[in-house]
Amino acid sequence: MRPPVQERPPPTSWARSPDAGARPRQRRESMIRYYTADRLITGDRGRCIRYGGVLVDGELIRWVGPSHEVPWRLRRRSEHVDLGPLTLLPGLIDSHVHLALDGAPGAMDRMRSASPAELYALMLRNAGALLSAGVTTARDLGAPGSLGVRVRDAVRSGLAPGPALVVSGAPLTVPDGHCWFMGGAHVGEQALRQAVREQTGAGVDLIKVMATGGALTRGSALSEGQFTDRELAAVVDEAARAGVPVAAHAHGTAGIAASLRAGVHTIEHCSFLDPSGAIAPDPALVRRLAASGVHVCPTISERFTERWDRLAPGPLPALPTLYRQGVPIVAGTDAGTDGAPHHAYVQGLIGMARLGLPPAEILEAATSRAARALRVETLTGRIALGLRADLIAVEGDPLHDVSALRDLRLVVARGQAIRSPSRPPCPDESVQ
309 MRPPVQERPP
319 PTSWARSPDA
329 GARPRQRRES
339 MIRYYTADRL
349 ITGDRGRCIR
359 YGGVLVDGEL
369 IRWVGPSHEV
379 PWRLRRRSEH
389 VDLGPLTLLP
399 GLIDSHVHLA
409 LDGAPGAMDR
419 MRSASPAELY
429 ALMLRNAGAL
439 LSAGVTTARD
449 LGAPGSLGVR
459 VRDAVRSGLA
469 PGPALVVSGA
479 PLTVPDGHCW
489 FMGGAHVGEQ
499 ALRQAVREQT
509 GAGVDLIKVM
519 ATGGALTRGS
529 ALSEGQFTDR
539 ELAAVVDEAA
549 RAGVPVAAHA
559 HGTAGIAASL
569 RAGVHTIEHC
579 SFLDPSGAIA
589 PDPALVRRLA
599 ASGVHVCPTI
609 SERFTERWDR
619 LAPGPLPALP
629 TLYRQGVPIV
639 AGTDAGTDGA
649 PHHAYVQGLI
659 GMARLGLPPA
669 EILEAATSRA
679 ARALRVETLT
689 GRIALGLRAD
699 LIAVEGDPLH
709 DVSALRDLRL
719 VVARGQAIRS
729 PSRPPCPDES
739 VQ
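To get the numbering used here, take the position in the sequence shown, counting from 1, and add 308.
It should be emphasised that the hints constitute simulated quantities derived from the structure, not laboratory data.
Every residue, glycine too, gets a C-beta built ideally from N, C-alpha and C.
Hints may be right or wrong, so weigh each one.
To be verified - Derived DEER-like restraints, expressed as beta-carbon distance ranges: (1) Gly366 x Pro623: 45 to 51 angstroms; (2) Leu593 x Trp380: 55 to 61 angstroms; (3) Arg538 x Pro424: 55 to 61 angstroms; (4) Ile587 x Trp380: 38 to 44 angstroms; (5) Arg662 x Arg385: 43 to 49 angstroms; (6) Pro628 x Glu426: 20 to 26 angstroms; (7) Pro583 x Gly634: 53 to 59 angstroms; (8) Arg526 x Glu377: 38 to 44 angstroms; (9) Glu387 x Arg595: 49 to 55 angstroms.
Starting from the given sequences, assemble the full structure and let the hints guide the process.
Listed below in structure tokens is the structure:
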């Protein structure tokens, strides 16, 4: 039986707070709220509190636990937001997005022809779409120049709504290599070191390096490596001097192995493509990945899930093999690339479920483990005392079925409540 709750507001009062839809901003004394729900998933390896409560003071979580245990001295100063039968859980984290791409076919070509001002506006819109999907933290892994830093800072200062952003600069690549047109093409160890110094000086949170070719660059070979071991090691070493991690884009098996040898911190895609283009996970390399603790973001998106629903899925991604062998997986959708719109984050989680990952594993990959991969675990990823108040509320129980995350009813980002998601962009909306 559900414990009695004092001072329950009218049934609709939770849906619209005085700050609903507002942009996250500086703490105010009036922003002390006590959220209660029939289920509270903390993000700690599937832990669920029945009839739980979270007290939010400004941007931070002041208390969390069973609702009948909340200290009265805290409770009496707060506005009660009773979510009733909903499930309250940490805000979601998309570990791999591209805000400068619009998610429709031909996204890369439109990005190349857009002006910096157009891209900046597009990136702010896409940040808002992520937030509307319940994504309260995202890692942008490649935009031209310093646009990522500018957008991160605009959201952080409250100029535009969006998730907290962790951003790289233009991906480091080779001349005519994958995404060379973003401005990150360099030749040789010294040039790469200089590029890392310039990007960290401009304020990036991490370095992105294209260890292999990619599908969206004409003439680029996905299975082939783009850098020598010494060059990749130089990137990691220079980034370490600046105190930032390195994310490596790697589809081919050789590029995955080279990235692991270089000491990168996350591997994106990790497709295990052999020279013939077949998906062929190397058992010994998979075991080394698992032992290393390097986080892998397999970038399962709406594109994969829709293909699965329409047709036989064909060759399966390497994800099931990686999961079974204990490789730490984080959720990321490659949002912005063709067929991966920013508002469709949950479709990627559903795709992970189709590939056999259990709901508790997927939720961890989308919250607490993703926070560790992004090095923001002391800020977000769990509902815990002192962390940022990044929360969502959904119908149903996502520990039973992750598709419940589509029934989003509330988003709280950095303590600010949003009544409901804004209209997602149409797939054909793009920079003209």
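Hints versus structure:
1. Gly366 x Pro623: 45 to 51 angstroms: Given about 49 angstroms between the Cβ atoms, the range holds.
2. Leu593 x Trp380: 55 to 61 angstroms: holds (56 angstroms)
3. Arg538 x Pro424: 55 to 61 angstroms: Because 34 angstroms falls outside the window, the suggested range is violated.
4. Ile587 x Trp380: 38 to 44 angstroms: Distance hint for Ile587, Trp380 is violated at roughly 57 angstroms.
5. Arg662 x Arg385: 43 to 49 angstroms: Taking Cβ atoms as reference, Arg662 and Arg385 lie about 46 angstroms apart, which means the hint holds.
6. Pro628 x Glu426: 20 to 26 angstroms: violated (40 angstroms)
7. Pro583 x Gly634: 53 to 59 angstroms: violated (27 angstroms)
8. Arg526 x Glu377: 38 to 44 angstroms: violated (60 angstroms)
9. Glu387 x Arg595: 49 to 55 angstroms: Once the Cβ atoms are compared, 52 angstroms apart, the range 49 to 55 angstroms for Arg595 and Glu387 holds.
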